[in-house]
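Take each chain as given, in its own frame, and dock them per the hints.
Residues per chain are reported as follows:
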Amino acid sequence: MNLSCPLPKLDFDTINLGHGSGGTLTSQLLDAGVFKLLENELLNKKHDGAIFNLEGKVAMSTDTYVVSPIFFEGGNIGDLAINGTINDLAMCGAAAKYLTLGFVLEEGLKMTEFWEILLSIKAACEAAGVNIVTGDTKVVERGKGDRIFINTTGIGLVHPKANIDAENIKAGDKIILSGPLARHGITIMSHRQGLQFESTISSDTRPLNKIVLALLDEFGEKIHFLRDPTRGGLATVLNEIAAGSKLGIDITQKNMSVEEEVAGACEMLGLDPMYVANEGLFVAVVDPAVAAAVLCRLNEWEHGEMASIIGEMTTDHSRQVIMKSLIGGRRVVNMLPGEQLPRIC
Amino acid sequence: MKYLSEFRSPEIVEALLKEIRETVKGNWNIMEVCGGQTHSLVKNGILNMLPPNIQMVHGPGCPVCVTPVNLIDKAVHLAVEHKVILCSYGDMIRVPGSGMSLLEAKSKGADVRILYSPLEAVNIAKENPDREVVFFAVGFETTAPANALSVIQAYQSGVKNYSILTSHVLVPPAIEAIMSDEECEVDAFLGAGHVCAIMGMSEYYPIVEKYKIPIVITGFEPVDLLEGILAAVKQLEKGEYKLENQYTRIVEAAGNTSAMNAIDQVFEVTNREWRGIGEIASSGYGVKDAYSAYDAMKKFEFDMAESHEDPTCMSGDIMKGKIKPNQCPNFGTKCTPVQPLGAPMVSSEGACAAYYYFNMAVEEVI
Numbered sequence: 001m002n003l004s005c006p007l008p009k010l011d012f013d014t015i016n017l018g019h020g021s022g023g024t025l026t027s028q029l030l031d032a033g034v035f036k037l038l039e040n041e042l043l044n045k046k047h048d049g050a051i052f053n054l055e056g057k058v059a060m061s062t063d064t065y066v067v068s069p070i071f072f073e074g075g076n077i078g079d080l081a082i083n084g085t086i087n088d089l090a091m092c093g094a095a096a097k098y099l100t101l102g103f104v105l106e107e108g109l110k111m112t113e114f115w116e117i118l119l120s121i122k123a124a125c126e127a128a129g130v131n132i133v134t135g136d137t138k139v140v141e142r143g144k145g146d147r148i149f150i151n152t153t154g155i156g157l158v159h160p161k162a163n164i165d166a167e168n169i170k171a172g173d174k175i176i177l178s179g180p181l182a183r184h185g186i187t188i189m190s191h192r193q194g195l196q197f198e199s200t201i202s203s204d205t206r207p208l209n210k211i212v213l214a215l216l217d218e219f220g221e222k223i224h225f226l227r228d229p230t231r232g233g234l235a236t237v238l239n240e241i242a243a244g245s246k247l248g249i250d251i252t253q254k255n256m257s258v259e260e261e262v263a264g265a266c267e268m269l270g271l272d273p274m275y276v277a278n279e280g281l282f283v284a285v286v287d288p289a290v291a292a293a294v295l296c297r298l299n300e301w302e303h304g305e306m307a308s309i310i311g312e313m314t315t316d317h318s319r320q321v322i323m324k325s326l327i328g329g330r331r332v333v334n335m336l337p338g339e340q341l342p343r344i345c
Numbered sequence: 001m002k003y004l005s006e007f008r009s010p011e012i013v014e015a016l017l018k019e020i021r022e023t024v025k026g027n028w029n030i031m032e033v034c035g036g037q038t039h040s041l042v043k044n045g046i047l048n049m050l051p052p053n054i055q056m057v058h059g060p061g062c063p064v065c066v067t068p069v070n071l072i073d074k075a076v077h078l079a080v081e082h083k084v085i086l087c088s089y090g091d092m093i094r095v096p097g098s099g100m101s102l103l104e105a106k107s108k109g110a111d112v113r114i115l116y117s118p119l120e121a122v123n124i125a126k127e128n129p130d131r132e133v134v135f136f137a138v139g140f141e142t143t144a145p146a147n148a149l150s151v152i153q154a155y156q157s158g159v160k161n162y163s164i165l166t167s168h169v170l171v172p173p174a175i176e177a178i179m180s181d182e183e184c185e186v187d188a189f190l191g192a193g194h195v196c197a198i199m200g201m202s203e204y205y206p207i208v209e210k211y212k213i214p215i216v217i218t219g220f221e222p223v224d225l226l227e228g229i230l231a232a233v234k235q236l237e238k239g240e241y242k243l244e245n246q247y248t249r250i251v252e253a254a255g256n257t258s259a260m261n262a263i264d265q266v267f268e269v270t271n272r273e274w275r276g277i278g279e280i281a282s283s284g285y286g287v288k289d290a291y292s293a294y295d296a297m298k299k300f301e302f303d304m305a306e307s308h309e310d311p312t313c314m315s316g317d318i319m320k321g322k323i324k325p326n327q328c329p330n331f332g333t334k335c336t337p338v339q340p341l342g343a344p345m346v347s348s349e350g351a352c353a354a355y356y357y358f359n360m361a362v363e364e365v366i
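Chains Y and B, in that order, give the protein sequences.
All residue numbers for the first sequence refer to this note's numbering, where the first residue is 1 and numbers rise by one.
All residue numbers for the second sequence refer to this note's numbering, where the first residue is 1 and numbers rise by one.
Looking at chain B on its own, in the form it has when it is part of the complex (with noise of 0.2 angstroms):
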């Protein structure tokens, strides 16, 4: 398949992993922002063919797992008590809530169907005019396009009954959240290549250049990977610190400016709260007031009792990179796929669950 075998060649990673090794000396610890990044060095099992001084630490870029257990319960409570349609992105569906996952409402007799897209959601909102249609827009700046796209689609056809679940975080705070950390031990960072498709690359130099870091803009097949390690590491080496791209087929220094002017058209930015991390200041995007009939935060009221996670799951240390999912004393015993504490083990993105499926250390623990 053109644009992705020539990405998952052998001889090519074979070259990179060879260069990579006659170029690294230090000790590195490099961070991995985007969840999509983690599964594939896991899936390929990439994580454990590079020399043992570079250490992939695994970042807070998975979407579901970022978010609160608060707005899972506010999407369940939508569900059961105000009878919406609800709409998720497939991965959602699972994680825990402090009461029941959208699964568990959706067995109970909730209407809760798996979307691609939000813009399927204003479709069935169409095709429903007697029932509110909600959808839950969780994600990264990869997914705010279509959102606010839904939005203003449903505005300009005049549907009614359609508004979003908001969600949406921000990587740039992210990862400024995680340098301010004292504990911080990342020496360089792998940038999210599909955010960075969107929103450019003008956000990351002054990150570069405050806390004297390498961000190398990074893709998710094999050899983007090693390309981007391998960047990472010759900067590190040199003693250097700058911002690059790897994943130049995609990504453009300017971005995507209709894309970014959807966001700008339906979202503003806001404070946002991280699930095992906390608020981060300006780290997500709300509905601005002049779509506020659309944002399902202030149609709907919410009498619902307080939410709580289960305190036993590390999530938060794990997406700040402080521990590795298969150093958490959970993990495959009381935290499962099937039983989980947390999202991380859930979500498609999410790294307890890479390591729980793919990764070759599991056989240790479980």
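So that you can see chain Y by itself, here it is in the shape it has in the complex (with noise of 0.2 angstroms):
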């Protein structure tokens, strides 16, 4: 945390209603916290909303975060509800520029929570050079929400060499994958009520936005497709990847990295990596004559040390993922229904 920005004096120590209502207190808490923490242009003029300029092709995206637990190894849910929205309009092939926030409280959300939740959302704007402009604050009585939800909106300026569509993809892509598998998920999972085991693992969040941008200076329009495979996990990415393109996908089980304590977790609770959420990662359909240099400048990048190649587009098995396993088997790469449940033996 940033112990340079301490939490203000405010009258409470929890949220309640009036926090909500518009009065005095949503403007204490306004203006003591998200205003001066999160200021800049746009957002000081303190407006129903934000008035700008932009040109060229710009990019939209929403995501609500109502993870919990909303503190965890590696982050929280402000950081999330950032990250989460700068990539995917870095799927889309564009630089997120400004930024909407959204909170609903619940009533008796420790003011210290909500303060440390600020501070990790003012760090992600800041690493990711974007700005909230914009926001709204409501707050719900005890028992009629989980703590604290965020939706953030994005809008960001596509890049002018970005071609991103599921059309632009042809047989023979090369599908790259960005990183480990599985981290955000399993850390999530090791919080929750019963699954109790001790573990380092932290979530993945981060922003993708400038290794994206850096990939789409250099690649430009043979980067055809990107995706970050969040919840539903790699598996259900791939199959949207063959869905969309009514190409069919082969990869390889061994060339798919998940890190040695993140393999052992998925074990013993008895999931598979290839369905469990990621928060820092993506998956990049490129043509083929530039998946070794796409490849390469991945590994440069300081999360993409376990970047791979994980397979290709093929015209056999339209719309369906076939998968070579590690014993040399092959196998369907299927959605999965809901989320996946822990089993009995």
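Heads up, some of the hints might be wrong.
Okay, the calculated beta carbon distance ranges per label pair [claimed, not checked]:
| id | chain 1 | residue 1 | chain 2 | residue 2 | range |
| --- | --- | --- | --- | --- | --- |
| 1 | Y | Asp316 | B | Lys2 | 14 to 24 angstroms |
| 2 | Y | Leu17 | B | Thr257 | 51 to 61 angstroms |
| 3 | Y | Leu17 | B | Lys160 | 33 to 43 angstroms |
| 4 | B | His308 | Y | Thr315 | 40 to 50 angstroms |
| 5 | Y | Thr200 | B | Lys108 | 35 to 45 angstroms |
| 6 | Y | Ala171 | B | Ile250 | 42 to 52 angstroms |
| 7 | Y | Thr315 | B | Glu237 | 37 to 47 angstroms |
The hints are simulated quantities; they were obtained by calculation from the structure and are not laboratory data.
C-beta: ideal position from N, C-alpha, C; glycine also.
Structure below.
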């Protein structure tokens, strides 16, 4: 936590309904907290909305964050909400510029917790070079929420060389995974009630805009498609890519990296890392001519040491993902109907 | 990862496959008893790597699949009508009951919680002294010790608001039921490794002798399964029948005596109904009278409508190894993991789910 930004003196140590009333308490919370911490030229106007010019092709994305627990190793719901929308824009080939920030707070949320979340929002915005320009705060009665929900909507400028579209995917394109699987999902699960095991696994939440834009600078339209495998994990994203491109996908299990401790947790919990959520990973479908060079750039990136080419697009088995297992067998990789559930034995 | 990677080695797998190909002459049906083995076979693509004259037949060893619909209905009834905190292993909660699954009950407001261990349920009971807490204690011999321990622990710590809804089933009677079926074409069994880790090997010698059939107690990793298959094929080709233990790193001949003691303290052998198969004599565990205060069947009134299974579900034939999941006319059409007709399509160990998610043969069906 940034100790140079101590919690401002407020009259209450928990959020109460008055903080969402639009009256004095709301102003106090916002002035001392949100506006001061996240200040920038557009936000400082405290208007109902933000007014600005944007030139060029624009991308827009929204996401709502309801994660429980709200604090976890490697982050909290605050930086998750900022990074998540920045990354959704990055997957459109766009550099996030302005974000909106909407809070639904549950009565009783500790002010210190809200402050810690705001600090990580500020840090995430600074790390990614984006500004919060407008927002909203509502408070719901105790029991009507789960401490804090956050919505962020982002707007960004599409890179001039970017042309990200599932229709651009061609047979022979290589599929690159930017790092090891399943860190975020396993971090969250290790916290949930009943799943008590000690681990040093931390979430991989991080902004992907800089690395993606650097790749677009260098490889432009040769990058045919991008997607971040968040909920549903890699398996779901690959199935969506197969469906969207109407092509098949061949992948090789041994090329997908899973860190040792994450793999161990998955074994113990009976979960397949291919279906576990990630928050700082992306899948790139690229022209085979540039695949090796893209991989090389990714390996140079501070989080890309374990990036690898995991497979390729094929005209065989249209819309289906087929994996060569570690031992050389072949099997279908399907979507799941819902969350993976812990098994009996 | 030690104890895992060496059992997933492509080189060892290839060497075993070569030896199996060189050994096998006849056509053999080998049944893997445990659903965990079925999933490993399918998930690793092993079914497509074996010579075509070895057919793997998928057995009844999926505890979720064989739990009768009546018991699912009872669990739902406890959660909805008695408003208990109903705790369950994860893969029970999507299994369809007559009216609804536990997942649907949860969405309608019932307090259904997914746990990894029944001991957590005892803790929940301690934390909620004004609520009744019921653990849905399903499983084969593997999960029985932990479920028994939860009762012992609740008893010893004076927790009175805890009970178990038990549906424990046993492997040896299931093997006997399969072998007694006149249409049975199984030539050898891969025994369920983790069941034998608890119970040891002694129960299987009489079955081997009575039915003159090879049984190889086998683990769950690719190398385990192929070693088990190879041992079974060697016996079959020589015309032998004996009990072998492939899973020596886990299974001891005498089993785990402290686990068996826990089982003996709380449970007694009873008749059990198996979903899709029917009642099998002495094929399960019930709670002993001494612990009836912890037996949800005795603790609660079950004033509920008669249970009924979907008559078009062919899970009984699938679990007896008579047909493969993709030979069922409803597979992948009327029956999917989202809209299942029966438990084998939703359980993580169910044969239908294994075929739906992983099997190449699915391509031809859906």
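- Message: Quick check on a hinted range of 35 to 45 angstroms for Thr200/Y and Lys108/B, using CB atoms only.
- Response: Since Thr200/Y and Lys108/B have Cβ atoms about 39 angstroms apart, the given range 35 to 45 angstroms holds.
- Query: Given a hinted range of 14 to 24 angstroms, is it respected by the beta-carbon distance of Asp316/Y and Lys2/B?
  - Reply: This hint is violated: roughly 37 angstroms between Cβ atoms.
- Query: Should the hint that Thr315/Y and Glu237/B are 37 to 47 angstroms apart at their CB atoms be regarded as holding?
  - Reply: At roughly 43 angstroms between Cβ atoms, Glu237/B and Thr315/Y fall inside 37 to 47 angstroms, so the hint holds.
- Item | Whether the CB-CB distance between Ala171/Y and Ile250/B falls inside 42 to 52 angstroms | Distance hint for Ala171/Y, Ile250/B holds at roughly 45 angstroms.
- Message: Between the beta carbons of Leu17/Y and Thr257/B, is the distance compatible with 51 to 61 angstroms?
- Response: holds, 60 angstroms
- Task: Confirm or reject the claim that His308/B and Thr315/Y have a C-beta distance inside 40 to 50 angstroms.
- Result: holds, 47 angstroms
- With respect to the beta-carbon atoms only, verify the hint that Leu17/Y and Lys160/B lie 33 to 43 angstroms apart. holds, 39 angstroms
Hint violations for this structure: number 1 only, all remaining hints satisfied.
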